[in-house]
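Visitor: Okay, here's what each chain looks like letter by letter:
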Amino acid sequence: MSLEVILEAENLAKMYKRGRSEVVRALEGVNVKMYAAELILLYGPSGSGKSTMLNLLSGLDNPTEGTIKFMGEDISEFSEKKLTTFRRENVGFVFQDWKLIPNLNAYENVEAPMYPSNMPSNELRTEAISTLRELDLLDREHHFPGELSGGEQQRVAIARAIMKKPKIIFADEPTGNLDKTTGNLIMRVLKRVCRQGTTVIVATHNEELKDYADKIIYLDDGKMISQSQ
Amino acid sequence: MGLLRVLGKSIRFTFRSKLRFIVFIIIFAIISSFVAFFINDIDDLQTNRFIDQKAVEMEEISEFSVNYTQAMSTENDILNLEQTKNIDIEDHTKYLYYDLDTSVRMYSIDIAKPWMSSKIKPSHMETGNFPSEANEIMIPTGSFQIWNSSNNVTIKSDIVVGQTLIFENGEESIELLVVGTFNTNEIAIPLNINSELWMVVDITTFEEMVDLYDGDIENAYVYSMTFTVPGDVLSRETYFAVGELNDLIEELLVNQADISIYGNWRSHYAPLPTQEAIDEADLIILSIQYAILGGVLLSTMFAYLISRFRRNEISILKAMGYANRYVRATLIGEILTTSFVGFIIGLGTVQARLSYVGDFRQSSLLSSQSILVSFGLIVVISIPGMIFVSQKILRISPSEAFRTK
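Protein chains in written order, with my numbering: chain R, 1 to 229; chain B, 1 to 405.
Treat the hints as calculated values from the structure; they're not laboratory data.
One should not assume that every hint holds.
As the list claims (entries may be wrong) - Distance condition first, Cα-Cα at most 25 Å in a straight line; then the derived DSS-like pairs of lysine-lysine:
#, chain 1, residue 1, chain 2, residue 2
1, R, K164, R, K69
2, R, K81, B, K392
3, B, K392, B, K9
4, R, K82, R, K33
5, R, K167, R, K191
6, R, K180, R, K210
7, B, K9, R, K81
8, R, K33, R, K69
9, R, K215, R, K180
10, R, K164, R, K81
11, B, K9, R, K164
12, R, K69, R, K215
13, B, K392, R, K82
14, R, K165, B, K9
15, R, K33, R, K223
To be verified - Under 7 Å between C-beta atoms, here's a sample of chain B residues computed to sit facing chain R:
#, residue
16, G2
17, R5
18, S17
19, E313
20, I316
21, Y326
What the hints assert, rightly or not - Example chain R residues on the side facing chain B (calculated, C-beta under 7 Å, incomplete):
#, residue
22, N55
23, L60
24, F93
25, P113
26, S117
For glycine and all other residues, C-beta sits at the position ideal for the given N, C-alpha and C.
So here's chain B without its partners, still in its complex pose (with noise of 0.2 Å):
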């Protein structure tokens, strides 16, 4: 109790000190801006690249050349080749298509996985959110509906982010709510879709739907297969597996297989990183380094300053029986609140700007991941200068307190 109310107490009175207070918190929110920005862009390389550099990537070659069960062999045929030719394979993934009926087309895709497909992925949305549950579902911008009156009138409807649809067959029902577009032109598979409605649902509401209409999973296509390889999308070593995968892929399934076991796919991967990307990512990683290690400076710099300037304090505090785990309290709660004050006001920076220049609908805010990678650094940052503290004020003599004037 004690300890809390002393951790509480110096939190408050940090805010009074208000010159110091408001020149470090600046600093803090420079250095936290800075890393914040970084790091979001460092997210930003590994989603947007992620399928570029660490996956390979099969597609049909035309519509309704891949069903489910050549689907079921390719996938277990590539999985074996981690057992026969002794390659990792971290993550798989399929995208299926089922028509419900003449008019509705589902897509699949793996909620947990957003970034395993290039078609059909985050940074595709025009509008709304990409679905995080499974009843939520994406269409692409433009559908509409079409249904007839009592009075045999045609009414044509935009569907809008929002809105409900309910799919029923007499006895059961299911409701899917659409929670976002996509641009269309990132899919390419030729559909007429002012003729039909396209869905992109997750498996698991696939399957439910293709029970609702009395169907069955395996008369399902496969419009894409996703294999990744582990390792960090920014290496190269990781992009060299990739083609290695690729390699053996392409000599199990698209040279030399039966086509009528497999279905008829074509496979691919991106080029080697270009010198560009990579100086990018370097330059990026170099930055948020420099960030930490001024970070790390400049909450050590503070740490010293704070116990100078509050030395006189300290040794008051323990003439008057502070033992130093109290004292410490006392000095870290300010070095947190003023680091803590300084990363929010650093962060919001951060979301004005970008908020000022960039697309809402690209979703250009930084990520909650990039927040709390951020927030976990500029603790990390905030260490050294904790320890430092600890240390000095433990060499701190409370018979100072009679000696200094």
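Looking at chain R on its own, in the form it has when it is part of the complex (with noise of 0.2 Å):
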């Protein structure tokens, strides 16, 4: 495993106002570093924080208290412009209920995250087709997601997000929807990606998954209770 520090979050806290003077705690005092090339569990029951900290890790949301670097730069000090920036370059997302965009077909769904980008398009369908092969997905291609079951939903999800070779998935209960085979299936997939050098985040409270996971880290109630390698 490569030790280069991919992410590294220092003293991560999440405070929201309820009402007009309550302030509810979503997260605090969290320190962790991840490498490249990990597949790391953020495991907690419901309510734990794993969502909040996915928020923060992806730039999703800004931080009350604390630092996240990404590769030794402060994320939190980002701009909204340098925030899309970043999400663009270095990050995909892998959502529980898949989130494709109904009116692509698993093709175009893969191909989406790539149309702002300068990629000539004969480049950019090529890359396309490899990565659904990658998936065993091709002959989906020209299937509409109404018309895939949900693990190759879930598939053409992470062939989106590693369409553009992100440094990190972020994967919010990928396997959450599907039934215990798929759900490995999408494990397996994810686990695959990630030995080609890609950091992936995974927040689930399914206790299964902790077999494919290089790093666990155990939330409750907004707190870091543990990590284990």
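Assembly of the complex is requested from the two constituent chains, each provided in isolation within its own frame, with the hints serving as guidance.
Guide: Below, the structure is given as structure tokens:
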């Protein structure tokens, strides 16, 4: 495993205001280092702060306290524009309910993150086809999300996430809507992606996914309880 | 490149949302057809009433009663009224005629100002088109040519639209293309059409033809002259300005002037626009305003619904790293595609309706200007929706992609 630090959080905290005076501590005191090509599990029950941590680490939300460094740069200091560029160039997302765009077929969904890029269309097509082939989806290229099974949709979502070759993939309950067999298949795919050099961060409350993790971060009530290699 | 690709893909993918797309296209088509139809009506009003509402037209009292020199004096003295009487004259044109020989007479028009004469104007066309090029001419319906063959057989044949007439003097020649025929009843000049060929030609060709026949433009006569005032043809203020100009012209030329200097003219302008005509114009303008208002409301509602329907997709695109301008391009592409396709269908519907109920010869189909103005309006109508969408998408956070299930 490479020892290059990809993401580092120090003293990370997020607080929300509820009503006029009540402050909810969604996350506090998190210190963690994440390395390249690691599969990291953010594990905890519902409401433990997994999604909040995922949002903060991916730059979708700003921390109330602490810093998040991506390859040495503090992303909590980034402007909105710089955060967008950061997400575009370095981050891929996989959602529990796939979040494929219903009007686009599998091929177009995979291609979509790259539309704003300056990559020539023929190269874009080659890349998308190769990604679909890698995930064994080539025969489903022209199918729309409604015509695909849950497992296939999740693989399309993973293909979409890895299409731009991100440094990190954030996956929020990626097996949450799938049966056990398909869920394992998806985790094997994510593990494979991870072995190719991408850091994969999975938020889950599913204990069975621990077998795939290189590192597990236990969260409860907004606090990091422990982490294990 | 990236932005164009996003816009192009958005336009292509718009056609995939079938039900929503069809419903909104139909609504846009209805709005567009109303806008195009009323704009065309306004255009018709503007052109058909142009001479009545905006101009003083002067006619010679009888044939050969105003020669070229007299017309020049008249024109200069009327234009001088701008300084002496402080009245604005927007434009002016004089219409000449000239006998090339005993059997061919030319009348001049200005092809750049087709509506400046009440006698020869596009709505008097029977077949073909009003000339738009200098070498194009019109003739009265039923014009014919006669010539003798080598066996002394006299041949008489109709001159038809599309025929070329060649005039030559042994050294040079001028070819003129017949592009239209008009109704002679509209021409009040008493001429025996059965023994003469009349040609209506652009003023530049008129002068070339006079030269070809070794003539002198100063030997031409003037059958009418038109002076217009500034302003909108549908306003009563314009009408009053015309009335004032007419009074000044009558005072200068008709009542007191020496006929030997100015020729023998009569000037006229139309009576005040009737209440019916004003009501008709008001109704059309009101209809356009309602159509535009309806269009703006529809376009904004459409934009609102798109930003609602697409809220989840917008958050996903933002999470993937789409900057606001790319997200905006996808939505604007959808709005523009829908409104443009709706506009084309609406336009087609109006054209089909006009073709069905109208007379082709009366150029009842939408004019290109009406189409352009209508299209411009449809684009303007879409702008509030686009601004709304732009504001709306700025407020959608990419983290919503995680929150919404």
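Visitor: Does B:Y326 hold up as a contact with chain R if the rule is Cβ-Cβ below 7 Å?
Guide: holds, 5 Å
Visitor: Under 7 Å is the threshold here; is the Cβ of B:I316 close enough to any Cβ of chain R for the hint to stand?
Guide: It holds, given that the least Cβ distance between B:I316 and chain R is near 5 Å, below 7 Å.
Visitor: Taking only the CA atoms, is the gap from R:K69 to R:K215 under or equal to 25 Å?
Guide: The given pair, whose Cα atoms are some 19 Å apart, holds under the 25 Å limit.
Visitor: Would you check whether R:N55 satisfies its interface hint, that is, whether its CB is within less than 7 Å of any CB in chain B?
Guide: holds, 5 Å
Visitor: Mind checking the alpha carbons of B:K9 and R:K81 for me, to see if they're no more than 25 Å apart?
Guide: Satisfied, since the Cα-Cα distance of roughly 23 Å is no more than 25 Å.
Visitor: Keeping to a limit of 25 Å between CA atoms, is the pair of R:K81 and B:K392 held or broken?
Guide: Cα-Cα ~18 Å, so holds.
Visitor: Does B:S17 pass the interface hint, meaning its C-beta sits closer than 7 Å to a C-beta of chain R?
Guide: This hint holds: B:S17 lies near chain R, its Cβ roughly 6 Å from the closest one there, short of 7 Å.
Visitor: Does the structure keep R:K164 and R:K69 at a Cα separation of 25 Å or less?
Guide: Roughly 21 Å between the alpha carbons, so the hint for R:K164 and R:K69 holds.
Visitor: Given the hinted pair R:K215 and R:K180, is their Cα-Cα distance within 25 Å?
Guide: holds, 22 Å
Visitor: Can the restraint linking R:K33 and R:K223 be considered satisfied, given a maximum Cα separation of 25 Å?
Guide: Within the cut-off at roughly 16 Å; holds.
Visitor: Would you mind confirming whether the straight-line C-alpha gap from R:K180 to R:K210 stays at or under 25 Å?
Guide: holds, 14 Å
Visitor: Between the alpha carbons of R:K33 and R:K69, is the straight-line distance 25 Å or under?
Guide: Holds. R:K33 to R:K69 sits at ~9 Å (cutoff 25 Å).
Checked against the numbered hints given earlier, the structure satisfies every one of them.
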